[in-house]
Every structure is written in C-alpha cells, then in structure tokens.
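S.K.: Now for the letters of each chain:
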Amino acid sequence: MLFLSTVNYISFGKQMTEKQVKIVNRLGLHVRPATAFAQIAGKYKSNILVIKDGQTINAKSSIELLTLAAIEGTVLTIKADGDDAEEAANALVKLVESKFGEE
Amino acid sequence: MKLTEYFSKKAIVSQLKASDKKGAIKELVQVVKDVYNPSKFQVNDIADDVIKREKLGSTGLGKGVAVPHAKVVELKKVIGAFGRSTDGIDFDAVDGEPVHLIFLILSPIGGTDLHLEALRKIMQAIKRPNFCKFLNSAKGIKDIEDIFVEYEEEVKV
Numbered sequence: 000m001l002f003l004s005t006v007n008y009i010s011f012g013k014q015m016t017e018k019q020v021k022i023v024n025r026l027g028l029h030v031r032p033a034t035a036f037a038q039i040a041g042k043y044k045s046n047i048l049v050i051k052d053g054q055t056i057n058a059k060s061s062i063e064l065l066t067l068a069a070i071e072g073t074v075l076t077i078k079a080d081g082d083d084a085e086e087a088a089n090a091l092v093k094l095v096e097s098k099f100g101e102e
Numbered sequence: 000m001k002l003t004e005y006f007s008k009k010a011i012v013s014q015l016k017a018s019d020k021k022g023a024i025k026e027l028v029q030v031v032k033d034v035y036n037p038s039k040f041q042v043n044d045i046a047d048d049v050i051k052r053e054k055l056g057s058t059g060l061g062k063g064v065a066v067p068h069a070k071v072v073e074l075k076k077v078i079g080a081f082g083r084s085t086d087g088i089d090f091d092a093v094d095g096e097p098v099h100l101i102f103l104i105l106s107p108i109g110g111t112d113l114h115l116e117a118l119r120k121i122m123q124a125i126k127r128p129n130f131c132k133f134l135n136s137a138k139g140i141k142d143i144e145d146i147f148v149e150y151e152e153e154v155k156v
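If you read the sequences in order, they're chains A and B. If you're matching positions, the first sequence starts at 0 in numbering that gives the first Met the number 0 and goes up one per residue. If you're matching positions, the second sequence starts at 0 in numbering that gives the first Met the number 0 and goes up one per residue.
Errors might be hidden in some of the hints.
Stated by the list, open to error - Residues from chain A that face chain B, not an exhaustive set, calculated with beta carbons under 8 angstroms: (1) ILE70; (2) GLY72; (3) VAL74.
Said to hold, decoys possible - No farther apart than 27 angstroms at their CA atoms in a straight line, the calculated lysine-lysine pairs in the DSSO-like style are these: (4) A:LYS93 to B:LYS54; (5) B:LYS126 to A:LYS21; (6) B:LYS132 to B:LYS21.
Just so you know, these hints were derived from the structure itself, not from any lab. For each residue, glycine too, the CB sits at the ideal point set by N, CA and C.
Given these sequences and hints, build the entire structure.
M.R.: What follows is the structure in structure tokens.
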C-alpha cells in the first residue's frame, strides 16, 4: 500500500483532510509532474498544502512544488482544507500513485 | 551548487537575439557549447531534444520564467545558460504570458537528483520578491551576474 495514512476531521463546519503519499516514479517530482499536480490542485476550491520534511508549500503552484526537489521514495503530506478537501486530496494521491503516467 | 555555478557569467545572455521559442533554445544551447565545449556535444541534436521535451508540456512555469532542459549523455554535472528577452517570447507558458527569463538546464543522464536540485535552486530564487523584477530591469551581463551573486549572499545568511 502506498497510501500511508489518512486523517479526516471537521473544523468549523469545513472539511479537512491529511494524507501521505510516496513518490514512486523514477524521475521524482520534476517539471511535468509538478505542473500536472498544480493543475489538478487548482481545480479544487480547497486550500491545499504539501509538506515535506517540515517544508510547507502551496499545492497549486508548480514553482513551489519544484522547490521540494522530491526524489523517488520521498513521502509527501497533502493537507486540504475546504468543502472539496477529501475529493481534492484523493485526486492528488491518485496522481502521485499513478506515477504521473511515467515509469 | 550555487546559481552562479549553474549560470556563470560567460553563460549569461542579457539580450537574446531570437524572438521565438525554438530560436531561443538553440541560441542558449550554442552558448553552452561555446562556454563549456563538452565532448561530443552537437548543438542541433541537443536543441532538438530540448524542443522535443517542450512538446510534452511547456517549461514556461509563470512569472515570465521558463526552464527548458534535456539530459545529455556525456555530462558529469549540470550545466546551463541564462538568457533574457526584454521583448518576451511566446513559450506556451502555463499562464499564457510571454517569457522573459530563460534558464536552460542540461543534466547528466541518470542524474535525476542533480536535475531536481538545479530546478529547486532556480525556483527558490524566482520565488523571492523582486528577483525576477531585478533581472528584467538589469542593464547588462554584469548586472545579471550581480543579481545572482547577491541572491547567493542573501540566502547564505
């Protein structure tokens, strides 16, 4: 299972979710995956953050995602906050687990 | 590696002659050839690889910045060239805006971590307030080099 953990909670009537996912494509989070990730994240209304080793960035920015330099094997935490948080986090986990369509 | 090592003074073009994406890529690949003269480095072949890569999805990531790149067999480390176009070049960027600042990155095959590290370095710099603005208003190569040097001094602190 690549899906490491999920935490769901309700805060002030809003949905919040936190999921961990491991980068499994050989080339890591390079430009194309980062662009795809930011584009999918951008489709959702929720605020979405990605955390790696204490560094927190905005999931909707490919530029910020690339500052993570996340190689294969890196575990990312996706934290979504908003009405479509669960859906957004699931879509992003799926994207990472599908190796961004790469090897 | 520092920004000034990826993009040394000799590999800075303060005003690109090219006005289109392909031309700009070729111009910068030629700069890498002229400055580093890597063995078996064929400008046309490498430029074609970079252009092919662009067709998979533009490396124009917004803020008027693009990071065209390719893997090159013979390289041992990442080498690059920086080019500026004050007029702007249509790079099919994600935000649809013209690109003014082009960071060409050539990485060794298998050097995935080195490639990601170079990208990280550039992205951290362009995220910084005024970094792109200063590059866009720089008067020439020396100014651009100074901006890279000053950036490294600031992040060191």
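S.K.: Out of the numbered hints, which ones does the structure contradict?
M.R.: Hints 2, 3 are the ones this structure does not satisfy, whereas the remaining hints hold.
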